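Protein chains in written order, with the working numbering: chain S, -1 to 294; chain B, -1 to 294.
Source of the hints: derived by calculation from the structure; they are not laboratory data. Any given hint could turn out to be false.
Chain copies aren't distinguished; within one or between two, either way the pair holds.
Stated by the list, open to error - For lysine-lysine, the following DSSO-like pairs were computed, each having C-alpha atoms within a straight-line distance of at most 27 angstroms:
1) LYS16 - LYS242
2) LYS131 - LYS258
3) LYS100 - LYS134
4) LYS72 - LYS222
5) LYS283 - LYS99
6) LYS72 - LYS6
7) LYS134 - LYS196
8) LYS222 - LYS205
9) LYS16 - LYS196
10) LYS71 - LYS201
11) LYS226 - LYS196
12) LYS196 - LYS72
13) LYS242 - LYS72
14) LYS155 - LYS196
15) LYS198 - LYS131
16) LYS6 - LYS253
17) LYS205 - LYS226
18) LYS65 - LYS155
19) LYS139 - LYS72
20) LYS53 - LYS196
21) LYS52 - LYS134
Remember, it's a predicted structure, so these values are computed and weren't measured experimentally.
Given next are the chains, with one letter for each unit.
Number of protein chains: 2
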Amino acid sequence: MILIDCKKISENKIESIKNEIAEIESKTGLKPCLATILVGENPASAAYINAKIKKCAQAGIQSLHYKLAEDAKKEEIVSLIETLNASNEIDAVLLQLPLPKKEFEEDCINAINPLKDADGLCPYNAGLLSLAKNYKNLLDKNIPIPCTPLGIIHILKESGAEISGKNAVIIGRSNLVGKPLALLLLLNDASVICVHSKTKNLKEICKSADILIAAIGRPNFINKDYIKDGSIVIDVGINRIDGKITGDIDFEDMKNLDIKLTPVPGGVGVMTTTMLLENTLRLFKQNRLNKKSAGG
Amino acid sequence: MILIDCKKISENKIESIKNEIAEIESKTGLKPCLATILVGENPASAAYINAKIKKCAQAGIQSLHYKLAEDAKKEEIVSLIETLNASNEIDAVLLQLPLPKKEFEEDCINAINPLKDADGLCPYNAGLLSLAKNYKNLLDKNIPIPCTPLGIIHILKESGAEISGKNAVIIGRSNLVGKPLALLLLLNDASVICVHSKTKNLKEICKSADILIAAIGRPNFINKDYIKDGSIVIDVGINRIDGKITGDIDFEDMKNLDIKLTPVPGGVGVMTTTMLLENTLRLFKQNRLNKKSAGG
């Protein structure tokens, strides 16, 4: 087993974003700004937000943090989002999920202006991803793309994996990971196989994967019986057991296999926060730079 | 081989739409109205539009037809769409594709108000499909859904095929068929496999399909070597050879197999136009009935 060095890939990406921002700032005096919103006191969410703010600083992205109370009404959250939508200084708005009241999430996400949608979760942006004609076209348009799947594509490319023509099996079909990742892998010419809790021959299908992505949310679910020799395995799982974070892949069981594997922690999660910088930069370019040069 | 009687399935669907419309009309005095736009003189497009208008009449849907010249400018098409968007009498707008100038298509489709998007092709509606939490939720919301994939799901359900847990292989990844169909099949709990021209082991993957959908656009491409016994095979191909229409499935080669198959012509194509009525009815309910009862 070879561990994929996601921290290194992430650092390189931050460095390249930082250089691009520095260059733009030296020419225009402008730099991107991300607004983050945390509702309530969930410690995991607070930790994610802190990590994101820290990375912004590292890359030269300004960040503004907004905190609402655990019992904030939907109208308060939406009203804050609308204020941020209207600000000319803010390029991207991130609403940290999950909200204390899960039933608020859809309306709150839909309140974010698609041109400031840092996570690429608004219907309009999800539609642009679904309708994209090819990967280059998608990137050229500076559309925000859900951070976890975007980070996974980046890991695959940076670790030298061939995607075109390969069998990519995705376990899990969420809006945050499975579905947008399927679309991104299709745009990169993989044969894409989406499996989930209702799939009957899961082991057999996983074993056919050249690229296996586990986004199940069940600790150590995937053992060596699911793995093909020579494959690349991406572990999206972040499961907390007795205060320790573990993935969906049974790490110990992988050690003697001829595979490339992303670690947990320090794998996909690291790339997810880094890709938030990428989305912020994209939206900054779309909102402020293209406007300057092309009038809109 | 058993041929699936798509004409019968389509007639039943039209009958049920007709009854629903008659009931709504008797209560409210309102009936749905579809506006169709044909640009240029493409005889196949003109024939499709005529078939659609005829079916509307059959179901009690009013239709208004607009014709623009072959050399119509993009601004003329967009301007007509905006007029139709603004009309309170029109529930759904259908722009017949392909346009004589293919490069106009994206902007013209994007000009259609998502609330009047008869084909479900606008980014916002594509996003709602991509983000739908389950199939019932999608249907309840009266979101328009691309007609061909919606028709295929209807064929599968009406012909008694089990979808949940089955391997569904889709050949082709277009925005009109492959991608929205993958999302619809996932919502119906199939394991979904998307293959295409870059797939290396196409025959082997197709042979694993409980449900095989061919949307390739190459006449008679799929012969019996691609087919599993007991499977259900959906032929989306409409290829014209010497004035004769033929599908992507080699029909003669299927005759002795233990499969269910949709014919071409008289198969998926028939359901596609029928599902336009379904979308028009959905948009009518969303725009005019829900507005009346729920204030928007």
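### Query
Which hint numbers does the structure go against, in order from smallest to largest?
1, 2, 4, 5, 6, 9, 10, 12, 13, 18, 20 and 21
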